[in-house]
Amino acid sequence: MKTLSTKQKIAWGLIAVLVLLYTLWPLFSILMTSFKAPGDLFSGKLLPTQFSTENYQTIFAGSAGELFLPALRNSIGISLISTLIAVILATFCAYAIARLDFPGKRLILNTALGVSMFPVISIVTPLFNLWRQIGLYDTWPGLIIPYLSLTLPISIYTLAAYFQQIPWELEQAAQVDGATNWQAFRKVIVPLAAPGVFTTAIIAFFIAWNDFVYGISLTSTEAARPVPAALAFFTGASQFEDPTGAISAAAIVVTIPIIIIVVLFQRQIVSGLTQGAVKG
Amino acid sequence: MSTASTAVKTARNEGDGRGSHHLTQRARDERRLGWMLAGPAFILMLAVTVYPIIQALYDSLFNYRLTDPEGRAFVGLSNYGVILTDPVFWRDLGVTLLITVVTVAIELVLGFLLALVMNSAIRGLKGLLRTAILIPYGTITVVSAFAWFYMFDINSGYVNHWFSWVPGIGPDFDWFGSAVPALIVIILSEVWKTTPFISLLLLSGLAQVPSDYTEAAKVDGATWWEQLTKVILPNMKAAIMVAVLFRALDAFRIFDNIFIMTNGAYGTETLSLLAYRTSIGRLELGLGSAVSVILFVCVAIIAAVAIKGFKVDLAGQGKAK
Amino acid sequence: MAAITLKDIVKTYDDGFTAVKGVSLDIADGEFMILVGPSGCGKSTLLRMIVGLEDITAGDLEIDGKRVNDVPPRDRNLSMVFQNYALYPHLTVGENIAFPLRLKKSELNDDEINRRVKEAAEMLELNDHLDRKPANLSGGQRQRVAMGRAIVRHADAFLFDEPLSNLDAKLRGQMRTQIAQLQRRLGTTSIYVTHDQTEAMTLGDRVAVLKKGLLQQCASPRELYEQPVNIFVAGFIGSPSMNFVPARVDNGKLQTPIGELTVPDRVLKAAQQKEMVILGLRPDFFEDEEFVDEKVREHGTVFTATPTHVEWLGNEQYAYITYEHDPKLKPVLDELAHDLDQDEIPATLVLATNSASRVRGGQEGKFWLDTRLLHVFDPDTGDNLTRDPEAGQKLTEEAAEERQREIDRANSEKTEA
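Chains as they are written, first to last, in our numbering: chain A, 1 to 280; chain P, 1 to 321; chain S, 1 to 417.
If you are wondering where the hints come from, they were derived from the structure by calculation, not from laboratory data.
It should be emphasised that the depicted structure is a prediction, and the values quoted were computed from it without experimental measurement.
For every residue, glycine included, the Cβ atom is placed at its ideal position computed from N, Cα and C.
Check before you lean on any hint, since a few could be wrong.
Examples of chain A residues lying across from chain P (beta carbon under 8 angstroms, computed) [what the hints assert, rightly or not]:
id, residue
1, Ala112
2, Ile121
3, Thr125
4, Ser220
5, Thr221
Here are some, though not all, of the chain A residues that point toward chain S, as calculated from beta-carbon distances under 8 angstroms [to be verified]:
id, residue
6, Gly62
7, Ser63
8, Glu66
9, Gln172
10, Gln175
11, Val176
12, Gly178
13, Gln183
14, Val188
15, Ile189
16, Pro191
17, Leu192
18, Ala193
19, Asp242
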């Protein structure tokens, strides 16, 4: 490793600060807004005059809680379930693509690619109509099903790329070592495949968590409305009060899990994203 | 020699005769298993996309209002006629294309700079930079939209105060009162949120350019700029094209940011918002479906042109390894 | 311990390609058998069929007299060292070695497993690395871990699939020695696949030479070298390779590009069978005329030639003499080159001479050729017309006796220790 001169150290420090400023600024800005008391909102300053947790009280215990808490529950539940389904199905699918010889592999991968480029808004209209007719409008399944159009393609892509890199001959080595098919799978293949599946789950979850179009189009009440859609319907403590503070606080709350996941698993997420998208 | 080769021939025939039946059975089993495992995901993927788009195609041929379901009537292609002769559609298409071109251009440059920084960063810094860059990627678009909106908002924002020394900006400047400043903020938010993705794609493209190439160029006397433009960039063309295509299609579908910041007012509406406003807002399902189909066709055309015309190789990269 | 018998083994793949075309081999208990040949000769396929990773299309595979064609790999009790080692990346070195034992949990307790892992690690000098992950090991260490995993379970036979091909030349030499000693010590039947003729010659009790899925010859290294059955085996075994020159009989002498050679009757008789033959001359059949031992001089013939250049290697010296190929033999030699994985058989003779020789490139020199050892090949079939099967068999029998003595010695050392 080269040792850095002081000048280089300073340059790198400066670059790091710039990058951090870029990536964190908007979040820092909305975090500050979330600590502003209602009277402080229009101060025209970045920092609150006095740090106040009033907005957080509003969304958890106060008037906005009726809107926010069910939405949070919906977001978590719907995102987790659609992630789980996508990852399970994609694992089977990617395993078949990586390991088995059958016609149509290319077709499946190309379809996944095509679907991931699909304009979501184009299918919202027919789904909106259909869901109303068959009673899925404003329900969890009514969101989970269309979410699969977001989570499945990327899961299939990422996992297929990952599985193709697993040294599958280890399965044979294990069989020569005396393992049954099941033992070879459980003791060798599962530990090797698990990190890829986990990374895929994180990426799929991010995508489901981020959805706004389906959320706002296919729900009408707190029965199924997820957080991003709910934020657009926020009002303040009373109808005449400005919702800025409450929205900011809610935005921070839903960003915290993302930051935790990113900090813990940045390496895996980066490799998963680049594998799925570039290697294909 | 001749006896040996006949012996081989008979052995091979035997092998073929006995083996081919046995092996085809096995190959057939493998195919069946392959489709059994891959089928559910494949079918579901089609069910949630292909079926709705066909339904949309069908609905687009009707005059169909949810407020007046009885009045539903087949009108052929006249919905498309209505849309394509409406100046609003063309304005929205223009706005959509503008946003797409500007964001992709900015993101490509910014993303490449970030990729260069991450690629050459020293060890201890790499993890930090990677973490930092993933935060915008993971942030919900709506959250990003609100964050930027509040920064610039005439009431709760501080940008007007901070930049009041810039001519034209003052405490009373309403960023969301007209198209150009509103689009600037919309593009800022979009760029902030999605540049990390493009920079990661470019980073992996950068990592695939062997360092031998740049070293050889260095020995040949190339400057840093020449190394970049004559050696590195041509060799990561594939990665750049993939990144541009992905992002262009994504930007073309822009919805969340605009919905939050202006809801399409003051000439900031895009095709996605138009589709939403027509079908979900006004409940004109026939007309809305037609907009949806047109949007779909636009995306398909962009993808087709990119893949066929510019030979963006989305599938080949993995194989080439 | 086990004897392994292959009877007319055939492998045809789904796409109709036949990789192995009826190979029969008897591998004795405790024997070290090498399968060697250029790439695509079917040697690896054969090995994978023996271990059970590849279905056998036709023929019988027997281990200790029991047909095992349909026995799954885990029940064959064979262990294998893979070309890329196939170490489990998520397990430590110790757990990699213990892996086969852990699968038989019901039969072995933890203490026994630990004892055996230690024993294997000791043998392979891996004691210091047991807690490390394979990714942090050097190539040679990984190779030893793979060996450890193979020996730890006391399998009936060891199978090696080009285990040294990923190592650099020096390490390859060391590991070769280590494998040879280990096999002698354990006395376990071993089958070793390689494309490297040096590994084949140094390791094997017997070497089976394969070409395009067919067994050419299976014999001791010495028999392969001195009594090859055909031009392919002759060309494949030995380094530098045997020289092939055209020859015809005229006036009771052999007419060759390097001149007229007086040869023994045996050689002459063989060469007379055809209008034209291919003469096989190993580089070490030659010597600088000045350095020929008087005792053997009469067994050879002297000729003059001008080398294009010489290479001095310290222990010996190579002189290169170019000549014209006979156009009639070109198709035969081209096919041979193709079979040997070479671009062409160069029209260059390689002569090994004493390192003190003053012969230099561009200067005419006098060379001596030992004519007793000449091989004559039929240009149409490639068969060796001078082969003496009895002499060959004797060489292989001698090798087997020597081998037995070595095993006895290893056993007595073991009991003493």
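Status of the hints after comparison with the structure:
no. : hint   : verdict
1   : Ala112 : holds, 7 angstroms
2   : Ile121 : holds, 4 angstroms
3   : Thr125 : holds, 4 angstroms
4   : Ser220 : violated, 10 angstroms
5   : Thr221 : violated, 15 angstroms
6   : Gly62  : violated, 49 angstroms
7   : Ser63  : violated, 52 angstroms
8   : Glu66  : violated, 48 angstroms
9   : Gln172 : holds, 5 angstroms
10  : Gln175 : holds, 4 angstroms
11  : Val176 : holds, 5 angstroms
12  : Gly178 : holds, 5 angstroms
13  : Gln183 : holds, 6 angstroms
14  : Val188 : holds, 6 angstroms
15  : Ile189 : violated, 10 angstroms
16  : Pro191 : holds, 4 angstroms
17  : Leu192 : holds, 6 angstroms
18  : Ala193 : violated, 11 angstroms
19  : Asp242 : violated, 54 angstroms
Hint compliance for this structure: hints 4, 5, 6, 7, 8, 15, 18, 19 are broken, all remaining hints hold.
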